[in-house]
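Construct the entire structure; sequences and hints are all you get.
Residue numbers (the UniProt record's numbering), protein chains in the order written: chain A, 1 to 223; chain E, 1 to 223.
No lab work stands behind these hints, which were simulated from the structure alone. Since the structure is predicted, the reported quantities are computational estimates derived from the model, not experimental observations.
You can't tell identical chains apart in this list, so a pair holds if it fits in one copy or across any two.
Taking lysine-lysine and the PhoX-like style, the derived pairs with C-alpha atoms no more than 25 Å apart in a straight line are:
no., residue 1, residue 2
1, Lys-165, Lys-3
2, Lys-100, Lys-154
3, Lys-74, Lys-154
4, Lys-131, Lys-154
5, Lys-74, Lys-45
6, Lys-45, Lys-17
7, Lys-3, Lys-221
8, Lys-165, Lys-189
9, Lys-221, Lys-165
2 protein chains.
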Amino acid sequence: MSKPLLQIALDALSLEKALCDAKQAEACVEIIEVGTILACAEGMKAVSCLRALYPQHILVCDLKTTDGGAILAKMAFEAGADWLTVSAAAHPATKAACQKVAEEFNLTRQLKVPKEIQIEIYGNWTNQDAKDWLTCGITQAIYHRSRDAELAGKGWNEEDIERMKSLSDLGLMLSITGGIVAEDIHLFKQIKNVKAFIAGRSLLGERGIWEAQAIRREIDKYW
Amino acid sequence: MSKPLLQIALDALSLEKALCDAKQAEACVEIIEVGTILACAEGMKAVSCLRALYPQHILVCDLKTTDGGAILAKMAFEAGADWLTVSAAAHPATKAACQKVAEEFNLTRQLKVPKEIQIEIYGNWTNQDAKDWLTCGITQAIYHRSRDAELAGKGWNEEDIERMKSLSDLGLMLSITGGIVAEDIHLFKQIKNVKAFIAGRSLLGERGIWEAQAIRREIDKYW
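Pasting the structure below:
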């Protein structure tokens, strides 16, 4: 059981705004994420710019890869991403293709941070699916409230926690996201394998640094 | 029952290559698609460049939107996309958010081609899900072999055709994709509501124009 890291999701609509947001948050986080919105807006240039600026951070590219796995994984890793998200709804062949690309990078290059795939949990899925991800060599998953569900007022509930516990008990490392603020952290204290908490908007603006510190204090309480 | 259109999916890794591919195929197709790979590589610039170059074509932005629906839909439509793909695995709130953005564009602007959402069928889904898409106002869906499943040797089978027929019978207009070539077209002749056949690689290169003509001949035979 390692201590959860803190990740900022950059979801600006322009590279300029994303770079400013990253500059503001860099000291507070171990992981910087090129969010789907930013990646779709600016393409891989967003990944390569952030890689150049932040060589010490873990860099996530959140493509929610749903098809074309080998091509997208190669593209994201070559641009400098350490971890790539893949949709749980993708065909098993897509997940396997992404994992294979990651393993090839790890075998053939001297990497400080190994390339990894994160299954982003969307759609209908079962514990058997999660076992298949592990069998395929994938050890990370992302559990979240959908941004749109969150906007529609859906909170974290007991079922979310139970499902996260069962994924963690299977051996998956979980990153948790969806409007995360410090007051939410205690909800997840029963989950053993938390890789990271992912926050976005709450880490920006003048309150950002205080929020990051508040999240850290909560993490230190429970892990 | 209208005649299926022909759509080219541009999945180049660079804008330069995509623009050359589009130039080569423009006379053969009614619909140009910024594929997921191209969109992730180059961002919305790929959409806006193709919009500027091809004002007469229908332009699809294949983001396979999985979250952040309102923001991504607004971004893609403002860049010039006519249709936007949304993953079937997305939360219902995400689909509704995208549809709402499309309807707002259609209400407030004089558009030659109305903005539309296309549900891209990935992951586990039921006929009830498809009814929910229709209830939400969405009338298009995309049925495909996953690119990675195709690479793994998976062909079209009877179950695919049955599922497409049931979606068509519910009233959804289907676009069909996954390594489409002229010899495949007859497989789909029982499906009433085919909006488009989507091809990519087969429409490129020196054989591209012949392949497009061969697909048209097959379409004319069955619809």
